[in-house]
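Enquirer: Given next are the chains, with one letter for each unit.
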Amino acid sequence: MSTEEHHHHDESYAELRTKALESLLVEKGLIASNAIDDVVRTYEQDIGPMNGAKVVVKAWTDPEYKKRLLEEGTSAIEEVGFTGAQGAQIVVLENTDDIHNMVVCTLCSCYPWPVLGLPPSWYKSEAYRSRAVVEPRAVLKDFGLELDPAVNVRVWDSNSEIRYMVLPQRPSGTDGMTEEELIEIVGRDSMIGVAIVESPTIV
Amino acid sequence: MSTEEHHHHDESYAELRTKALESLLVEKGLIASNAIDDVVRTYEQDIGPMNGAKVVVKAWTDPEYKKRLLEEGTSAIEEVGFTGAQGAQIVVLENTDDIHNMVVCTLCSCYPWPVLGLPPSWYKSEAYRSRAVVEPRAVLKDFGLELDPAVNVRVWDSNSEIRYMVLPQRPSGTDGMTEEELIEIVGRDSMIGVAIVESPTIV
Amino acid sequence: MNGIHDMGGMHGFGEVTHEENEPVFHESWEGRVMGIRRSLVKHGIFEPYNFRFTVESLSPSEYLNSSYYERHLRATENGAIAKGFITREEMDERMEFFRQNPDALPERREDPKESEQIQKITFMLEPLHRDTGATPGFNIGDVVRARNINPQGHTRLPRYIRGKTGIVVKYYGNHDFPDIDMNGNKSEPQPIYSVQFDAEELWGASAEKNQLLFIDMWEGYIEPA
Amino acid sequence: MNGIHDMGGMHGFGEVTHEENEPVFHESWEGRVMGIRRSLVKHGIFEPYNFRFTVESLSPSEYLNSSYYERHLRATENGAIAKGFITREEMDERMEFFRQNPDALPERREDPKESEQIQKITFMLEPLHRDTGATPGFNIGDVVRARNINPQGHTRLPRYIRGKTGIVVKYYGNHDFPDIDMNGNKSEPQPIYSVQFDAEELWGASAEKNQLLFIDMWEGYIEPA
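Chains A, B, C and D supply the protein sequences, listed in that same order. All the letters of the first sequence, read from the start, carry residue numbers 1 to 203 under the numbering used here. All the letters of the second sequence, read from the start, carry residue numbers 1 to 203 under the numbering used here. All the letters of the third sequence, read from the start, carry residue numbers 1 to 225 under the numbering used here. All the letters of the fourth sequence, read from the start, carry residue numbers 1 to 225 under the numbering used here.
Worth flagging that the hints you see were computed from the coordinates, not collected in a lab. Mixed in with the good hints, there may be bad ones.
What the hints assert, rightly or not - Non-contacting residues of chain C with respect to chain A, defined by C-beta distances greater than 10 Å in every case (computed):
hint, residue
1, Glu70
2, Ala104
3, Thr135
4, Phe138
5, Arg145
6, Asp181
7, Met182
8, Asp216
Unchecked claim - What the simulated footprint calls covered on chain C by chain D, stretch by stretch (three residues with Cβ under 8 Å from a Cβ of chain D suffice, anywhere in the stretch; the number is not a length):
hint, region
9, 34 to 42
10, 53 to 62
Where is the CB? At the ideal position from N, CA and C, for every residue including glycine.
Okay, chain A solo, but in the shape it has when bound (with noise of 0.2 Å):
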């Protein structure tokens, strides 16, 4: 069998079920069409990573929020804005020069939407889902990230109701940064614990 043919196939056929689905769903009104509009782009447009970069960024330039995102997360994110399905308890894990964490989910794809919007692909993958708790150096190297030995890697699988975000380290040569050019650089990636928030590159 090719993979190929297979997907294809199995795409069409998703977009025809989902089309069944709604049309039956909305002709018994049991669903309004308006407003599965506004979830697709409420995830779209308005809840996504950006939220939790203003999080991150906050933390980085006030040390009593960022003491306060650590010890209660959940409060501290309703300040700045953000709450909501997905991110009813959101615990905080700091990244420093000897601790490293990064959030998983192995039985399914738990992720805090109201800070990062919704998993990306890889996340959900089932290469990601296995390896992560058992290999995960291995992973990060996947991601291009090389750890030195001497980092604690903490991994945290996530498969209660709590949902955990990584506040990413600041990097040097930011000092002189706005917050706006600040959550410009703080990547996705970094506050699940993949990647790193790189220095900008000075022109």
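Could you slot chains B, C and D onto chain A? The hints should help.
Expert: Structure of chains B, C and D alone, referenced to chain A:
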């Protein structure tokens, strides 16, 4: 996706792929067509559960043989004329009023070919391989066999090159039967341990 | 259940591949599935553990052959059928209609109130803590062993943790207990802890050096070591 | 490897279905695969553990979507390619030829001597015992624990046994050790034992009552409990 469609696609693919493989290996002089014919004919006609049935009936009718069979399965089975691939060391497990043995290979489908032939589909199925070690009584129910709770169920996971065969109990009402008649009633499944040998119906 | 979804520590799935500038949804139907699922929450079929159990109950080959949203689509359909909202036959017929009419779209029903309700779910903070009066049976620093359970129903205790010894590092309060038995029964909320395991305890000599694993354990998942 | 093939104790595969009067081969290509595989033994690519490792190395979804003989076909092709006997391109071209010529058959090569050799493999008794001089390190009745190993290479110690405690009930002599590491390295032959486990030790409260599990353990798989 329809699983039906998928399997159909695969079967013709497998057929074509096998033709291609045989064709190339013959062309390169690595294999001989008649040798392949021989293997097919041998397992279709010469090696099968009738071999094991002969061993079972000899054990039922010859107490000295039964003793040898349970002590040194391989050589006792060789006495009856059966040796070969996937039977280098065969251990025979006796079912009694108190003990019911059944055999599985969770990692692949190891099976005592010289006495039972090639394994049936159910033995190779994911359902049997996964369930036999954790819920053997439930599996036996799928085969229509309900054991008394007092019977000790012994499951043998055939993970090494040692092969296991079950010696089923001789049913009552068979005293007057000839060896040939007895061989007829010993079914394959009873020698794997998912069935018992039933008393022949009196006409 | 000891299902295909419980893949922590499995080999054979290859490298992790990373897509640059990945869109939120690769196909528009994926977003619709997400929206339909959220819209059905109010009809009681998508309590999180029930929904996950429905996903896990796909056959193992179906599970592996499906993408994340394909699994959600199948589970949503199966859940809606189990609730009696639709039938498989209706789905098959309607799908055939869309196959034969590729330009047709699902009819629309507009309901501003429903939008409001759904947006509330999306943005609402609904704390997990349950005031049961249950006091935690374990203290920070306790050495505990994950129980060797193998339920056919839903559980959030993965196989790779069972039987392994770790240390309680945090108490998170009392949360709903996720396990659902084959008759659909659930248990009362329980204390939940963060438990730390040494990678070597989990994987023996195959473990990478200098690694810890943290996982959330409901009280029923652990016993004193 | 902790692969999809290691399915002892998994849920979700459904009922065991039993086919009455099942033929030895359902399709004629299945018999050809069997014959090709045996014919290739003399070329050194189907030492049993190598072959099993090749089967296990199919991707998990490929594994579950393939029948027993489909797996063997794929593994035989992969093994023959790895040995340099054929190339994937040759296979693809030749397959395309047979697709376009549905009545064509593989050419034949007759070789009576090869028949004899193959029949010898089919019927030959080749004892497993290896005279290594190694004396068994465990005695009948010893309580042992299966080691928690998680190799990426080949092993015959299934996951559901690891870390569990059982009793040595029989010593079978010294056999070849099956494990193959990722560099293709093997170890010397080792003593091998039948070890008995109580079902409750393996599955906890989910175990059926009054059940024992027997499995063969090479000495390297166990340690004193």
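Enquirer: Confirm or reject the statement that Arg145 of chain C sits farther than 10 Å, beta carbon to beta carbon, from all of chain A.
Expert: 17 Å, holds
Enquirer: Evaluate the condition: distance from the CB of Asp216 of chain C to the nearest CB of chain A exceeds 10 Å.
Expert: 4 Å, violated
Enquirer: Per the stated criterion, does the least C-beta distance between Met182 of chain C and chain A lie above 10 Å, as a non-interface residue requires?
Expert: 18 Å, holds
Enquirer: Does the no-contact call for Ala104 of chain C survive, Cβ to all of chain A over 10 Å?
Expert: 8 Å, violated
Enquirer: Please settle this one: Phe138 of chain C was flagged as non-interface, so is its CB more than 10 Å from every CB on chain A?
Expert: Nearest chain A Cβ is 16 Å from Phe138 of chain C, so the label holds.
Enquirer: For Glu70 of chain C, is the shortest CB-to-CB distance to chain A above 10 Å, so the non-interface label stands?
Expert: Not fine: 5 Å to the nearest Cβ puts Glu70 of chain C too close to chain A.
Enquirer: Mind taking a look at whether chain D covers the region 34 to 42 of chain C? Criterion is 3 or more residues with CB to CB distance under 8 Å.
Expert: Violated: only 0 residues of the region 34 to 42 of chain C have a Cβ under 8 Å from chain D.
Enquirer: Taking the shortest Cβ-to-Cβ distance between Thr135 of chain C and chain A, state whether it exceeds 10 Å.
Expert: 19 Å, holds
Enquirer: Count residues of the region 53 to 62 of chain C with a Cβ under 8 Å from any Cβ of chain D, then say if the count reaches three.
Expert: holds (count 5)
Enquirer: Check the non-interface label on Asp181 of chain C: least C-beta distance to chain A beyond 10 Å or not.
Expert: Per Cβ check, Asp181 of chain C is outside 10 Å of chain A; nearest 17 Å; holds.
Going down the numbered hints, you'll see the structure goes against 1, 2, 8, 9, while the others check out.
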